[in-house]
Amino acid sequence: MSFDLHFILFLLLRMAIAAAFVVTASIITERSGPVIGALIATLPVSAGPSYVFLAIDHDAAFIAQGALASLPVNAATIFMCLTYVVLSQRHNLVVSCGSAIAVWIVLASIIRQFDWSLTAGLAANLIAFGLCIPLLAGYRHAKMPLVTRRWYDIPMRAALVAILVAIVVSTSGWVGPRISGIIALYPVVFSSIMLILHPRIGGPPTAAVLANSAWGLLGFGMAVAVLHLGAANFGSAIGLSLGLATCIVWNLTLWWNGRRKRMAATTS
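Per our numbering, the sequence shown starts with residue 21, numbered consecutively.
For the record, the hints were derived by calculation from the structure and aren't laboratory data. We put the beta carbon where it would ideally sit given N, CA and C, even for glycine. A portion of the hints provided could be inaccurate.
Unchecked claim - Ranges of calculated distance between the beta carbons of each label pair, as one might list FRET restraints:
{"id": "1", "residue 1": "THR286", "residue 2": "ASN253", "range": "40 to 48 Å"}
{"id": "2", "residue 1": "VAL195", "residue 2": "THR286", "range": "25 to 33 Å"}
{"id": "3", "residue 1": "ARG282", "residue 2": "GLY255", "range": "37 to 45 Å"}
With the hints as extra help, turn the sequences into a complete structure.
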């Protein structure tokens with residue numbers, strides 16, 4: 021088997037594995053409602069496979085450096101969510117989603133110009149989430165109409181993530197860890213939520229899903245920081261495992277806290 025054919029087959033396998041993650045997460049999200057769906061959407065459904073495959077091809081130093089670039093990009097994602105949530109209350113999909121993605125691209129382009137330390141990346145997240153979470157709070161509750169899945173919904177999400185993985189894996193060798201870390205954190209799941217739900221149920225209910233994701237996205241930023249520290253000190257495998265564990269524990273804590281509040285409100 022030639023080297024090129026081996027590379028293509030291995031790349032297709034990686035894309036298929038990433039797509040399988042998305043399909044599974046999508047099915048769970050659709051059956052769980054907007055709050056649980058938002059928590060699942062902030063798990064590393066797209067970034068996780070990208071980083072796993074990067075770890076196969078590169079050493080721990082590459083992963084640790086990539087995570088440093090990914091950390092401030094997480095702050096750009098919450099501004100993307102805020103942009104969509106506000107605009108979608110009155111505007112159509114093209115305006116609200118297009119503007120949100122444009123905001124992310126502009127912020128990611130600015131982030132790319134700097135060498136980020138862990139402290140600076142954490143500070144960027146704290147400032148961004150400190151500003152955005154209160155602004156998103158008023159949009160978290162909206163009446164959710166019944167959503168009927170269309171045949172192309174899950175394949176489209178799976179294809180978006182598979183394409184992202186293909187781009188990250190095939191370009192990482194020459195763009196380096198910084199650009200790889202930025203591309204790996206492109207918010208594929210949030211983009212697909214906008215594209216799929218907005219035309220079907222409208223802007224405000226779709227915005228409610230993204231608004232509910234703010235706290236989960238904050239935990240995802242913490243997981244990226246843990247990934248950096250873990251990869252830098254203990255290797256890629258431990259770093260990736262610790263990052264995933266951070267996401268899961270954080271989101272389970274959010275779920276338990278929300279459930280406790282609902283039970284307290286019911287009994288009072």
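Here is how each hint holds up against the structure:
no.: 1; hint: THR286 to ASN253: 40 to 48 Å; result: holds, 45 Å
no.: 2; hint: VAL195 to THR286: 25 to 33 Å; result: violated, 52 Å
no.: 3; hint: ARG282 to GLY255: 37 to 45 Å; result: holds, 41 Å
Consistency note: the structure conflicts with earlier hint 2 alone.
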